[in-house]
Amino acid sequence: MSELDFAPFLLSFKLAGITTFILFLIALPVSWWLSQTRCKCKPFVEAVVSLPIVLPPSVLGFYILYALSYNSPIGAFFDETFGIKLVFNFTGLVIASCFYSFPFMVQPLQSGFETLNKNMLEASYIAGKSKFQTLAFVALPNIKPALITALIITFAHTVGEFGVVLMVGGSIEGETKVASVAIYEFVEIMDYTNAHIYSAIMLALSFIVLLGVYLFNLHHNKRIGVA
Amino acid sequence: MLNIEIQKTLQGSIGTMELDVKLSIQEHDFVAISGASGSGKTTLLRILAGLEEAQGEIEVGGEIWLSKKTALAPQKRGLGFVFQDYALFANMSVEENLLFAAKDKTLAKHLLQITELEELAHRLPNTLSGGQKQRVSLCRAFMRRPKVLLMDEPLSALDPLMRTKLQHDILTLHKEFGTTTIMVSHDPSEIYRLANRVIELHQGKIIQDASPKEVLLKTQGSQKFSLTGELLEILKTDVIYIAIVAIGQQIVEVVIDEEEVLRFEVGERVQVSTKAFSPSLSKI
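Heads up: the sequence lines are chains A and B, in that order.
So in the working numbering the end of the first sequence lands on 729, straight run, no missing numbers.
So in the working numbering the end of the second sequence lands on 268, straight run, no missing numbers.
Since the hints were made in silico from the structure, they are not lab data.
Remember, predicted model here, so these are calculated numbers, not experimental data.
A hint or two may mislead.
A short, non-exhaustive set of chain A residues, derived as facing chain B with CB atoms under 10 Å [said to hold, decoys possible]: (1) Lys587; (2) Glu616; (3) Asn619; (4) Lys620; (5) Asn621; (6) Leu623; (7) Ala625; (8) Tyr627; (9) Phe639.
We put the beta carbon where it would ideally sit given N, CA and C, even for glycine.
Build out the structure end to end from the sequences listed, making use of the hints.
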């Protein structure tokens, strides 16, 4: 057994961290809007947001690859204007992950916002606060469990992604070879020892993360008096 | 001076209903709005606060809140609103709830003093009783020194003792700040104690607009004493009939004669009144 290489794990966490940060900024206004709107287009927006949950990762990966590659207008534009290539590198992985994990950030936040007492938000408006101030100082602090769930599930889900990453990023050492891809390659070359070690680490980490979320929610609900 | 002339179509439990209210309220008045549930009371209050849209006009002290062209945002109306369910910011302490509305520590301290909440200034809302929460909500509503205070059944979730205490607080603050107050309420004693004008809504229209005395004292002609209740049962004992009537939380017996029995049906709303004798009052 060769010395354990942690680079794929670090890459996975770096990707998940950046994706979580970007998605938080994007999903916050989207989930807030979804929770407050009475627009008839709401079901359509919700359906689009939730697509990555039901689509096979290969379908999502294929479309993203198709849209970002040099042959597409988007890929060509970024390549020619900024000199940035969007596929088979880390940037491409971040973009793909943002699509893939989007619903995991939006849905907990949206359901958190929907459980808020509407009168509390209205009291904030009457107190002269704008929608943004109400979101930042009243809504968000009062949905802490949903917020923590959204952040951690998004992070964990990005760490756990495989299909989309493989299609858009391939497996370039130190660039796009994340932990899940590394495990796949170990299995392919029948290096079961390393596959076991990597898989056990992923299993343990995932469990600890989820346990942490549920313990936090239990503790928080007790503290603010929600049964 | 508040001038209100609004229309809105509401979807009620009995189909659509037209809320159509035309009303002028003097400055510093305390107006109670009563009426059966679904009569449009809360909607009227929410329209005044800018929380719901409506057709028509609202003008408050020369300022246009609603017209054909404009609808002033709730943030800009500078009013106070007390919700039935308190609607306190759960993440903020009592004091922070007040300071969130306006950064005026002196006023916050003063309001907490009046309502005897000073000791609880640093507590979170979920550790307070219903009455304490509603007092915080009341204080918060006064933080922006509102010209108009709106209250939506503020005391209906509280026990009688707490109600009396809060009625006192409401009246004190209403007078001190010189607000024009509009309160939705079902409780006759509360309306009598606080308001100087009662407006009764029925299916979105004003059906009564007078002083509490005129609206609430339900005696007619030579009646000295009168209570309304529900007829629960008519019993025959020997030659007389006894009607059992529920009045509020009390059950009383009234003797009626045979001919009267036919006029009543069990379950009906009835009025119990005396003419010749004055009822007497004693402490319990």
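How the hints compare with the structure:
1. Violation of the interface hint for Lys587(A) is found here, the shortest Cβ-Cβ separation to chain B being roughly 45 Å, above the 10 Å cut-off.
2. For Glu616(A), the suggested interface contact is broken, since its CB lies about 16 Å from the closest CB of chain B, more than 10 Å.
3. Satisfaction of the interface hint for Asn619(A) is found here, the shortest Cβ-Cβ separation to chain B being roughly 6 Å, below the 10 Å cut-off.
4. Given hint, Lys620(A) at the interface with chain B, holds; its Cβ is 9 Å from that chain's nearest Cβ, closer than 10 Å.
5. Interface restraint check: Asn621(A) against chain B, minimum CB-CB distance 4 Å, threshold 10 Å, status holds.
6. Given the 10 Å rule on beta carbons, the hint for Leu623(A) holds: about 9 Å separates it from the nearest Cβ of chain B.
7. Nearest Cβ of chain B to the Cβ of Ala625(A): about 4 Å, under the 10 Å cut. The hint holds.
8. A cut of 10 Å between beta carbons decides the hint on Tyr627(A): the least distance to chain B is about 5 Å, and the hint holds.
9. Checking Phe639(A) against chain B by beta carbon gives a least distance of about 7 Å; that is within 10 Å, so the hint holds.
Of the numbered hints listed earlier, those contradicted by the structure are 1 and 2.
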